[in-house]
Amino acid sequence: MTFLSIDWFFILEKILLISAVLVLSLVVAMYSTWGERKVAAWIQDRLGPNRAGPIGLLQPLADGGKLFFKEEIIPTNANRFLFILGPSIAMLVACMTSAVIPWGDTLTIAGHTVSLQVADVNIGILFIFGVLSVGVYGIMIGGWASNNKYSLLASVRAASQIISYELPMGLALIALLMLTGTLSLKEIVEQQRHGLWNVVYQPLGFFIFLVCAFAECNRAPFDLPEAENELNGGYHLEYSSMKLGFYLFAEYINMFVSSALMATMYFGGYAFPGMDSLGVSPNTLTILGFVALFVKILLFIFFFMWVRWTVPRFRYDQLMRLGWRVMIPLALANMLITGAIVLARQH
Amino acid sequence: MVLSVIALVSALGVVLSKNPVTSVLCLIVTFFTIAGHYIMLNAQFLAVVHIIVYAGAIMVLFLYVMMLMNLNTELEPQKRNWLKYAGAISGGALLVVLVAALRDASMPAISTEANEVGLIKNLGQMLFKQYVVPFEVSSILFLSAMVGAVVIGKKD
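Sequence order for the protein chains is A and B. With the first letter of the first sequence counted as 1, position 170 gets the number 170 in my numbering; the numbers rise by one all the way through. If you count the second sequence from 1, you need to add 347 to reach my numbering.
Since the hints were made in silico from the structure, they are not lab data. Keep in mind that this is a model prediction, so the values were computed, not measured. Keep in mind that the hints are not guaranteed to be accurate.
[Unchecked claim] Pair by pair, the computed Cβ-Cβ distance ranges are:
| # | chain 1 | residue 1 | chain 2 | residue 2 | range |
| --- | --- | --- | --- | --- | --- |
| 1 | B | 432 | A | 122 | 45 to 55 Å |
| 2 | B | 493 | A | 10 | 16 to 26 Å |
| 3 | B | 492 | A | 274 | 50 to 60 Å |
| 4 | A | 22 | B | 353 | 18 to 28 Å |
| 5 | B | 355 | A | 307 | 29 to 39 Å |
[To be verified] Simulated coverage check for chain A against chain B, where a stretch passes if three residues somewhere in it have a Cβ under 8 Å from a Cβ of chain B:
| # | segment |
| --- | --- |
| 6 | 127-138 |
| 7 | 151-160 |
Ideal Cβ positions, reconstructed from N, Cα and C, are used throughout, including at glycine.
Just chain B, with the same shape it has in the complex:
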């Protein structure tokens, strides 16, 4: 409960804060609270990997770029009005779709004791037996993304 409140507040902070660096820091706090949710669902491995990958690597790069570019509100180009309206309308449409989808979904309460899938051993067994094809496909996707990044980086 407390975790969820912190998650929501910091997520709002990401969107609402004027300073991009504060925004990134709020996003990091959000990631930590999500990792806390994973732990409460007995998925320790997922929580730690979440922190290593998102908070530890990706957000550091974000922060890095933000700090180097040193964005200021004065230097930022003013957005046009119709762009703001378009953003609000498309965001609202997405919200409607999400609410419609979630309204009928039944959500059985997950008991934390019985749910052992998140522990590393069971997760590994699952990934490499039941879900081995999607797992390999997603790794190929990563490989292609890496190749793409190298190609873009090599272009002079």
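Here chain A stands alone, though its shape is the one from the complex:
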């Protein structure tokens, strides 16, 4: 399959894989909206959506249809180009991160070894970090272009929140990197497959990362950019129809991707205990690993929802104080301790 000195099988494989990952994250995000409402209902002792389809399973489709057919409104004084650019960036960035996550080991199909990871780059973690830091533009541009003071306030909040929580997140990751000695997510998973999960070595780092992930996803208790009782709905106040849908959807995709990241970096990814002593064929093992990863991701998503319906929202100054005065010193201390231990073990 080599034509014009391009390996077409490779390109086909990558295209299939990228589409599969995209469809997967979209479907998971879609059903997260359903799951969110079911979890909320369960916590508040209600029934939740139960009209569309069995136990409300068709509810996301109905919601999606509604968003598609609603009238599209662009405010008169808004900057049209930027107004459309905002949700597009939010969606694009949310979908980009999943490229470097290893969804499983390799599959062997008709003699070809297919890796279940779109791109195994040697800077995987940094790539995710870069994409995350760009994600704030979607909110900022959208909020500013709406020409509405509430939207602007919300986007300013979002920007400072995301920048503040990126720092402890990065510091927590540095400790993890010192331990593993690699930036490639695939290698991090392989190390955990043959040893203990990283959460055992880095409990504090994992905790910091978890809190920062909540803040980066704008999820409760850090959902100040969309605090409806202060800001009338936040940065997407002026948006309607599918542009609003993109913003809401991007949030759920972000939640899915950060769950996948936490599962990959701290909870062994597609590795599970006793994986190599099972004695099944490599292909079955890969599929089992994928299922294991998925179970971990769903647990994390459930945790996200559980927290949202349990913990009240922070006040803005509390949020900033937590970020700068608690998380960063904690992350720095974690980094120093990890560095000292790594150094001591080398001698």
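Assemble chain B onto chain A, guided by the hints.
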């Protein structure tokens, strides 16, 4: 080639656009194209760090300030004429110096395969072995800048 054209066009957009927010957005696009150049030179680490630091942090702060100040062309004070001429002349002088400096410089083509310095492992080895003194000096420079910022911020 395409990247370079986009880089030049967006860089011109930074200077020429009337709206400061558009200017900042053009600058962000420029940074992305420069990161693309780094990747084509096989310096992935540099490209990603470039995006994280410049596009991800510094430009967000720029945009933040621009949005809060909400600059308009009507509110902007008119610049005096001699200021414009002075700017044009000094800019032209800088251009002449740059052209003179670059005219004689030989630029050997860099082969992307052989050049592995940009990959993170080699870069780390380089920084902490060959260039450790300049690296530490620049970090002290950053520290002093941070102290300066805190001092200015503390002044009531």
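Against the structure, the hints come out as follows:
1. 432(B) to 122(A): 45 to 55 Å: Holds, since residue 432(B) and residue 122(A) (Cβ atoms, about 51 Å apart) stay within the stated range.
2. 493(B) to 10(A): 16 to 26 Å: Violated, at about 47 Å.
3. 492(B) to 274(A): 50 to 60 Å: 52 Å, holds
4. 22(A) to 353(B): 18 to 28 Å: 25 Å, holds
5. 355(B) to 307(A): 29 to 39 Å: Violated, at about 48 Å.
6. 127-138: Result for this restraint: holds, n = 8.
7. 151-160: Answer holds; 5 residues pass the 8 Å Cβ test.
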